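Chains P, V, A and G supply the protein sequences, listed in that same order. Here the first sequence is numbered in the numbering used here, starting from -1 and rising by one per residue. Here the second sequence is numbered in the numbering used here, starting from 102 and rising by one per residue. Here the third sequence is numbered in the numbering used here, starting from 27 and rising by one per residue. Here the fourth sequence is numbered in the numbering used here, starting from 15 and rising by one per residue.
If you're looking for bench data, these hints aren't it; they were derived computationally from the structure. This structure is a prediction, so every number in the text was calculated from the model and none was measured. Some hints here could point you the wrong way.
Here are some chain G residues pointing at chain A (derived, C-beta under 7 Å) [what the hints assert, rightly or not]: (1) Asn16; (2) Pro17; (3) Arg18.
Yeah, the Cβ is synthetic: ideal placement off N, Cα and C, and Gly gets one too.
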Amino acid sequence: MARSAKAVPWFLFAAGGTVLSFILPVMIFTTGIAPALGLFTDALSYDTMSAFVGNWLVKLVLFGILTLACWHAAHRLRVCAHDFGIRADTAVAVILYGLATVGTATAALALVSI
Amino acid sequence: MSERTIELEVLRYRPEQDQEPFFQTYKVPCEEEWVVLDALNYVKEEMDRTLSYRWSCHMFVCGSCGMMIDGEPKLACKAFLKDYPTGKIRVEPLSNFPIERDLVVVLDDFVEKLESVKPYIIPKEERTVEQGEYLQTPAQLKAFKQYTLCINCLCCYAVCPQYGLDESFVGPAALALAHRYNMDSRDLGRAARDDVVAAAEGIWHCSFVGACSQVCPKDVDPAGAIQQAKFAHGIDYLTSFLPGGKR
Amino acid sequence: MQVIEADVIIVGAGGAGLRTAIAVAEADPKLSIALLSKVYPMRSHTCAAEGGAAGVIKSNDNLEYHFHDTVSGGDWLTDQDAVDLFVNEIPKELLRMEHWGCPWSRETSGNVAVRPFGGMKIMRTWFAADKTGFHMLHTLFQTSIKYPSVKRFDEYYTVDLLTDDGACYGCTAIEMRTGQMRQFRGKAIVICSGGAGKIFPFTTNGAVKTGDGMAMAYRAGVPLKDMEFVQYHPTGLPGSGILLTEACRGEGGYLVNKDGYRYLQDYGLGPETPTPVLKAMELGPRDQLSQAFWHEQKKGRTIPTKWGDVVHLDLRHLGEKKIDERLPLIRELSAKYVDSDPVTTLVPVRPVVHYMMGGIHTDIHAATPLKGLYAAGECACVSINGANRLGSNSLGELLVFGARAGRGAAEYVKKGVRAPGERLDALAADSEARVKAWFQRTQASDRVPALKKRLTTAMEDGCGIYRDEATIKAACDIIVDVRERFKNVALEDKSSVYNTDLYQTLEMDAMIEVAQAVAVSALQRRESRGAHQRLDHVKRDDEAFLKHSMAHYNPNGEPRIDYLDVVITKSKPAERVYGARAGGQSAA
Amino acid sequence: MNPRKPYVRPISKTSWFMTQGRYKVYMLHEISSLFVAIYTAILIIGLVRLGEGEAAWQGWLDAVTSPIGVIFHLIAFVFALIHTTSWFKAVPQAMRIQRGEEIVPGKLIVGAHYGVLAAVSLFVLILAGVA
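Extracted from the complex, chain P is given alone in its bound form (with noise of 0.2 Å):
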């Protein structure tokens, strides 16, 4: 046996599932939730969202928020892969972690560009 890279996703996993089990429920609350409840007037306008984003410590939070949750879910999901009985793990990494590169880069670009 030999010493294994899993060490690597597995901290992103394990960052990423502390985060999110502070944030993800009010998160979800607030941006998928509370605008059908009709609980915002302004908040979620363009300008104010606009404005609110282009702070750079938000870029900066969110950034880490969403990362963290790509690789977590990448992780986590290449685990659950295994579990129904997929045992192609390999092919299930390449695509998984590669849909979390592309998670965080379009973030990243996506910051960027407000």
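Dock chains V, A and G against chain P, hints included.
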């Protein structure tokens, strides 16, 4: 004397005559205070000499009598009949292990794994007997004591789906034992154990189902040990790429 | 039959066997070692030892004290040269265990902690909470993995020794998973197979402790020494016989009768003190505490239960924190098995068969009279335990004499020994035939479990805490009858794979031989000493019996008993003194 | 001749988790990651849309508040709670804290986590102007 009759459904498998296992039911007159092991002993002595199972100490410490009792891995000497009010108890050999015969399972794989994690002190500094003991404070002892309590009953392997699905996994008890030595203030062997413990088949194969810790009759918490080990070995891995790190 | 060769063959992989294996490996890594056991090493009964291992380490203690405690505790039937080297070597052995990772309980300074124990003048018992034997066994097992020359044969049931012309060259053993016999051929053999508590119905001993190794050596012509000395531990749980360690009392527990009275003060162990005083009251020696129970029972001051009469162990005043830290297993066992949480409730206890002081006769080098054959641990009798072993000396014994056996065997092998191959093949074939005979017999009138019940009941009735001519004689007669009937029993399971009917039958064979050695030795020792108390010979008789009993195997009847002088160097036999006069320090 | 014939009991590689309650609970935790992934993708798309201008942003907002969008977010919210509670429950095992001779009780660690959860949630809600 308060007696009650228990229906003991035992999974039998006699390799020399059976193609596959089958359930055999014994009606066993039992004392109220008995454990499942007592009922098995009654069967062995009074009803059926051909029933095979392992046991010895009858006090939760030798680890011989781990078996599936109503689907849960338990020590037969710690499974009290009073906790099974229906009077029907199903006894099977530990899951995830090949059945040698009846309730006896093949343990070779586990024993190899236990040996593979270098479960002995790899000392920080060699010490002679004349130099006396290593000093170890009660707090330093506490740091690893819980992980010394494993009796190798294998209940954790029997409930670990990752081991069941893929027996290359080093598994809960062996990894917890490696952690026990890594956490010992006298030991400096974590790097030496890295090859096996931090392999893909080692701690990284664990997906933290946590079932092992739920069934452990000695509260060893192998699942916790493995997560802590992931952190420690993970840091080792990352820092090994820093300048001056040992790869 | 497959032949497996090794330089040193060790039968039994408990504490003594593992220590022996490590000693051989360290003495010469080139020697090959075959370590056989009928169970995986961690199942061995060393794991059930709870309280601790005595060894002089603290500055207020000295080797002389440990020597005298052990010699007087053994009622002067100990060999004092053996005790001398034992007390000398044990601290080093315990330190070695520390270096190998044994999780000894500690003082705040980081030094190992010691606790008081029965019959010890000074606190000197090293401990790992109340699972000392468990931790020692696992430490030894795990450490043994470090040595590539140790090859284990787990779940091999050893059947017979192979001896020729006054020397031992190996053994036959059945691989339990296939049922096939193997011939193990070596140059030195070490028996570390443990005691034989299972010859009694009510015992702290696990199922494995059936005296197999004792019987094997005995049949091979090695005498069994001092077999009549059977230790009753004063505190076992009624029903199951589960051991509640002496450390319960070392930590300050009381023994009280049905009136809540600490009755030990009536038996020369007083006066009572609220906190423990060494060598007094509950910290008296095991033989005297068990005998006091018997007297209380006769006086009607015990508590009747469905599992027999009991007294109570009171730990409540120790408090939850101390009980959880020092006696966690005791708490768990009491709560589960007798529904009594010691933090809040009295725990019912009664004396229970615990340990065989006697065993395979060896010298101080763990060598038996048969060349190349060694023995260590409970199966052996060196003797350091004499007529009554002190609590916490047995774990030390298996280390000291396990190591000595290993070193001795290694040295013996290096002298150059050549096994007489053809002769051994013939002996192995005989051994196999003996086992096969059980398979070939057709159903007999007697069944093994019934015979076992008869045997163990006879032992309890005849060789209990107090004995007399008539009761022992009755036991002897039953054993003769059982031995005769056993010759005709047939296996009910004729299969090969993991046939536990076969192994229980082989165990029964051993138990009969060992039980007979115990009973006949007891019958002929017409005195009272230590754990051997005769109602018809109430006094110790140094004139006639300051001697070791030696039981010699007789295939056609009861063993022949002769006697061997006790080695006395510096401690002349005297009265055993406990209680106030013993001058033990306070252990609070 | 070797009479051994060890019997290996078959385990389904695709439905093993239906055999025990604790495995089902575990799979529920694992499946939360699917909703994390989708939700994260929705957010990233939202940010892209935000950068593309007001109309694009409004389109995203309409999609999120559509019935399907709301149903998805309600389910995702439930899984987020499953993730949070199971993650907190596991923390004392994964992160054992020792103070001197005492192991800090798990309840204390878990309690502290819920405290932080409440603070973070409140902060976000105030920031968003809901509370």
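Tested hints:
1. Here the hint on Asn16(G) is kept, as its CB sits about 6 Å from the closest CB of chain A, short of 7 Å.
2. Because the closest C-beta pair between Pro17(G) and chain A is about 4 Å apart, less than 7 Å, the hint holds.
3. Interface hint at Arg18(G): satisfied, since its Cβ lies 6 Å from the closest Cβ of chain A, which is below the 7 Å cut-off.
Consistency with the previously given hints is maintained throughout, with no hint failing.
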